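Engineer: The chain contents come next:
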Amino acid sequence: MELSRRDFLKASGAGVGGIFLLGALSDGVALAAPVKQIPLKKQGQEFSTICPYDGSGCGFIVTSKDGKVVNIEGDPEHPVNRGGSCAKGASMRQLSADNPWRLTKPLYRAPGASEWQPMEWDETLDRIARRIKNTRDTSFIERDSKGNIVNRTEAIANLGGSALDNEECYLLSKLARALGIVYLEHHARI
Amino acid sequence: MTNHWNDLANSDVLMAIGGNPAENHPAAFGHITIAKERGAKLISVDPRFTRTSSKADIYAPIRSGTDIAFIGGMINYILNDIESNPGNYNLTYIREYTNATFLINPDYKGPADLEGLFSGYSGSSNEIDGTKRNYNKSTWQFQRDENGIPKRDMTMKDPNCAYQLIKKHFERYTPEKVNAICGTPIDTFLEVCRTFAASGQVGKSGTILYAMGTTQHTYGAQNIRSYTILQLLLANIGIAGGGINAMRGESNVQGSTDYCLLYHIIPGYLKVPVDSDTTLAKYITRTTPTSNDPLSLNWWKNTDKYIVSLLKAWYGDNATTSNDFGFHYLPKITSGQDYSHISLFEAMNEGVIKGLMVWGQNPAVGGPNADLERTAMDKLDWMVVSDIWQTETANHWKRPGVNPAEIGTEVFLLPAKNSWEKEGSVTNSSRWMQWRYKAADGPGEAEDDLWMLDKLAKRLMQLYTDEGGPSAECINKLDWDYGDDHPDVHAVAKEINGYDLTTGKLVASFSGLKADGTTSSGNWLYCNSYVEPDAEPDAPIPGNRASRRNLDDGPFNIGLHAKWAWCWPVNRRIIYNRASVDLDGNPWDAEHPVIKWNPAKGDSGGWDGDVPDGGAAPMNQGGYYPFIMKADGLSNMFGPGMADGPLPEHYEPWEAPIDNTMSKQKNNPVFKIWRPDQQGTPDKYPIVCSTYRVCEHWQGGQMTRNMPWVIEAQPEPFCEMSEELAEEKGIANGDKVIVESARGQVKFVALVTKRFKPFKMNGSTVHQVGIIWHWGYTGLSTGDSANILTPHVGDANTMIPEYKAFLVNVRKA
Amino acid sequence: MADKAILYDASKCTACRGCQVMCKQWNENDEVIPTEENGVDSRNWGSYENPKDLSPTTWLKMRFTEVEENGQMRWLFTRQACMHCTDAGCVQVCPNGSLYHNDLGFVAYNKDTCTGCGYCIDACPFGIPRSDRNLLTGIAKMDKCTACTSQGYNRIEATAAEADAMYESWKGELIPACVKACPPGALKYGYRDTLVAEGRARVDYLKSQGRGNATLYGENELGGLHVMYVLEDSPDVYGLPVSPSISAATIAWKDVIQPVGWAVGGLAIVGLGLNWLVARANINKEAK
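Residue numbers (my numbering), protein chains in the order written: chain A, 1 to 190; chain B, 1 to 813; chain C, 1 to 288.
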């Protein structure tokens, strides 16, 4: 996904100025740029959320319309931030699906390749499951040298969790342990 | 956090040390502002004058890595002041609620006797061989009577009692020594002592706010131990406005820790099984602390109920009494072996690890000795990364300076949804579990991690069912059914809470969990969070307490917000709150009571206020000791379980500009040294360096470096330095500078500031610089990674890397 | 008619810059990504204070000042955005009334009629307005903070009476984005009279805490500002003009030259023509 900076302007719907300028040139008269209308309240459905940045757990309100985010601001009822937001919290809307840097499809990099290539979800997941099984099965230690049952693999490592929801952390812990993974770590250690 | 964000407003003195909340927790800082409006004092202890310092009543400069000397000096000041002004302190608390009265093995010797070491050390000082660098802790243990109950001297006069040993240990930490080690001016240091010690008065509160500036040292856990001793001497644990509060840096790092995505624990902080746990019974015996003291509740005695309920949640009907509830489906580590982050990357570098899965983490930027960790990734056969963007980790094979053709790692990059494109809960620093909703669609084919994990698990279970494999039952006996299409996050949340398997109803609380296989709970700490709808009918999602939005403040108006979301354990907002009352159950601080014994409540009295640490009557009426998570029921002033000594002792960082002024033992004697050849020395690298964050960016940069607004606000990584150092090096503000350590070098913008000052100690001058670490080679805003410079050494107890104090040199680029 | 105002309390501000970014978020000032080719300085110039300057898409930025006296370090924060003066140089100098005071007392502007002449930029004693002249077309539009209340950029589009009624009944829902975003409560929005009283009380408190030079900035400056600052020290320490004033030339333009121009007639067209000429001249200059 090599994206030029101009693409960002287009994708983010921010090329407004440019479009108006073209209009202005074509008729040569309408030199005044139309007023940028921001409605009284940005219309849409409101959902409460918790900020994905630091551990304060501040509340935010996401306003979305037709599945797209139109506004995010602090949740005035939330006891931690009482409507407030820091620079990161205030910028949260740029994490939305509109941001052209967001990943939209599984990507695959073959050994030695110099570029990513898109891949379908089914194939991606099939391949990953196969890699996990192969690595686990060839490295699996059912009993250690003393004969104790240890049921582990030291050839697969797993990292991450602080950016996941609790329920995801839980399933990750459950799956990783069932696979026998012992090199299991995440942000909390570092 | 022992307490919670809103509770900071109740505090009389707040000391931020090893943390910069105005920078890194800016919205929560509002509660500090409220405290200040009430007249509270804010103390900022930091190597540089920070955004927090700008709002502080006292700013105390401290050379990075010298917290123990600083806090040790405060402890010494307070112990002396207790002698002179005992009425200013809560001696009942110290005597009745801490182990200050415990008698220690008479053979115990401390650093005052042994040149910086504790008794029981094997290996010579500054030994490198990891197998020799450890302690035999037998001489650190408590004297016990014939029933195994610790012997106590309630006068605290016995020379072998913890209180006297602590006094002897810390009397060496004089203000002059603090100045010589920390570089803090003596008058400033004494002002901090006086101001914070005032919170020791009955009815006053003081809190410590810390973050990674405390933990990221080779003695980080001992830094926190020093806070513990300080706060216990001041009777500040368990009370409103008190506590030791870890300001956690990520939205769900508290939750991910509770779910134990760490090698040494399994969900609910149960200890990880080891090779010698050949049966479930052996595991339970090894990991369950015991106490014969009838006054100690010893909560961890319930370990058997929690592990069995966990196994029932994971293996369902396949977990039976006949197979030890599937205990052997769990992997066992080799006892004593470390599998933590640094060890993990060393093993990867050795080729032991072939495959890596990464979920929303970016070790290529965030890991210590980043070049080493990136190179280690090149040796993997395969790697799976789930993230919302391309990251340096996923792109390690096309980083600057490498030839992709030579890197054989097969990489799968999975497009994830962000936090409001899916539904689920997160847990903040306050231990509040808060529910989030799906508010918008994700881009393209992005999916949430729950979906990915579900699809992968189902595929693997199918593969092992179809093809078999070693111990295939560990996988295909899993109880894994969260729906056919998209996994139902509520089903997962309910499984975590747990069920009474005889009735099929959700368990109301962990006190209902059993060791006989009739209950399940995926994480006992979260039991009580998702209950039957009729038990919590008014929640926006009935039964789901994390979804609650009731702002009712409860009976005492101390900002508990007990009906806002849900908090572990059992919605207890301030933990150890039985220490907030006297022996009769009356609050020490009548203005800010956390709990209060109400004799008129129920049949035989009960507690008002927060959920108490167990419902028993006050101590004078037959109740138990307040620190129920401790086997002996009392809080540890003296900590015999630590790897590196029962009391915190000052050592220098692995890389230090000066010798240890306190003893001959320069470094912590037991942390593991991986790469002695990569130790920088002060002749080549004379400047102390810390890494840290800025408000506008976040961690490894994944979540900010693709976002124009914050990039504009903080566009490039910088190196903060004093005007004195800049002049010495011929550097002007805004110049590009090379910062170099024994591991590598980076090019940053110089930010020359009055807010950093050289430290003057024992006649020598030590410079310190600071660098921010959010950048890497992928994304809209790119720049060098600070962690190129940091070493692969970690804390003696936790293996957290020493990011906060290492040596560098700086020159104009 | 009750004027509204914003009160900024520097003694509470931690410079987290939630206001700076939330201003962009709410006002959708997200056109420009920070690259040098987009005309935005994307380098760090040796400061926490980035970007270095206001721009047509940066209406509010926080300023950081380091002060050291007698070994005591202070890091002072203040806000740089339109002060919404009562005696507003920009309003006085605007050739066609595009800049005006709205019913709430804030300096509003109509981008439809702005010709981008840029006189307001020179006339502002605080150096606030910015213009994004397009060199090809000559089209230029002034931009600055609207207090989220001015016509066309409405967070509140209402008469003063309606706005007062909404303010009372919606309990602060309709407050400027920066104020709403401020975590430590360093920004307040409300009736100007009330805020003057609050500001004075706060200054008294700060003085009682040893801040002898604490001052309420904007109470009387330029006829009274609609953005007032509680400062812990005198304004010059923060880099603010101690006695801001509008230059004589500005007043002359508004009071003497403009009426003459209007008398000639067709000034709007002339203005546009001038605009073209200036723009073309600039293009030629750049080409050379």
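Please keep in mind that the hints were generated in silico from the structure rather than gathered at the bench.
It is possible that part of the hints are untrue.
Each computed BS3-like pair below joins lysine-lysine, with the alpha-carbon atoms no more than 27 Å apart [claimed, not checked]:
{"hint": "1", "chain 1": "C", "residue 1": "Lys-52", "chain 2": "B", "residue 2": "Lys-747"}
{"hint": "2", "chain 1": "A", "residue 1": "Lys-146", "chain 2": "B", "residue 2": "Lys-41"}
{"hint": "3", "chain 1": "B", "residue 1": "Lys-167", "chain 2": "B", "residue 2": "Lys-666"}
{"hint": "4", "chain 1": "A", "residue 1": "Lys-105", "chain 2": "B", "residue 2": "Lys-455"}
{"hint": "5", "chain 1": "B", "residue 1": "Lys-455", "chain 2": "B", "residue 2": "Lys-301"}
{"hint": "6", "chain 1": "A", "residue 1": "Lys-146", "chain 2": "B", "residue 2": "Lys-812"}
{"hint": "7", "chain 1": "B", "residue 1": "Lys-109", "chain 2": "B", "residue 2": "Lys-41"}
{"hint": "8", "chain 1": "B", "residue 1": "Lys-760", "chain 2": "A", "residue 2": "Lys-105"}
{"hint": "9", "chain 1": "B", "residue 1": "Lys-754", "chain 2": "C", "residue 2": "Lys-207"}
{"hint": "10", "chain 1": "C", "residue 1": "Lys-207", "chain 2": "B", "residue 2": "Lys-812"}
{"hint": "11", "chain 1": "B", "residue 1": "Lys-760", "chain 2": "B", "residue 2": "Lys-666"}
Remember, it's a predicted structure, so these values are computed and weren't measured experimentally.
Engineer: Work down the list of hints and note, for each, if the structure agrees.
Structural biologist: Against the structure, the hints come out as follows:
Taken as a hint, the Lys-52(C) and Lys-747(B) pair is honoured in the structure, with Cα atoms around 21 Å apart against an allowance of 27 Å. A C-alpha spacing of about 59 Å is found between Lys-146(A) and Lys-41(B), which places the hinted pair above 27 Å, so the restraint is violated. Note on Lys-167(B) and Lys-666(B): the hinted pairing holds, with a Cα-Cα distance of about 22 Å set against a maximum of 27 Å. With a C-alpha separation of about 16 Å, the suggested pairing of Lys-105(A) with Lys-455(B) holds against the 27 Å cut-off.
Between the alpha carbons of Lys-455(B) and Lys-301(B) the distance comes to roughly 37 Å, so the proposed pair goes past 27 Å and is violated. For the hint pairing Lys-146(A) with Lys-812(B), the CA-to-CA distance comes to about 58 Å; that exceeds 27 Å, so the pair is violated. The straight-line distance between the Cα atoms of Lys-109(B) and Lys-41(B) is roughly 38 Å, outside the 27 Å bound, and the hint therefore fails. Restraint check: the Cα-Cα separation between Lys-760(B) and Lys-105(A) comes to about 56 Å, which exceeds 27 Å; the hinted pair is violated.
Of the pairs offered as hints, the one joining Lys-754(B) and Lys-207(C) holds, with about 26 Å between alpha carbons and a cut-off of 27 Å not exceeded. Among the hinted pairs, Lys-207(C) with Lys-812(B) is inconsistent with the structure: their alpha-carbon atoms are about 44 Å apart, more than 27 Å. A hinted pair counts as satisfied when its Cα atoms are at most 27 Å apart, and Lys-760(B) with Lys-666(B) qualifies at roughly 19 Å.
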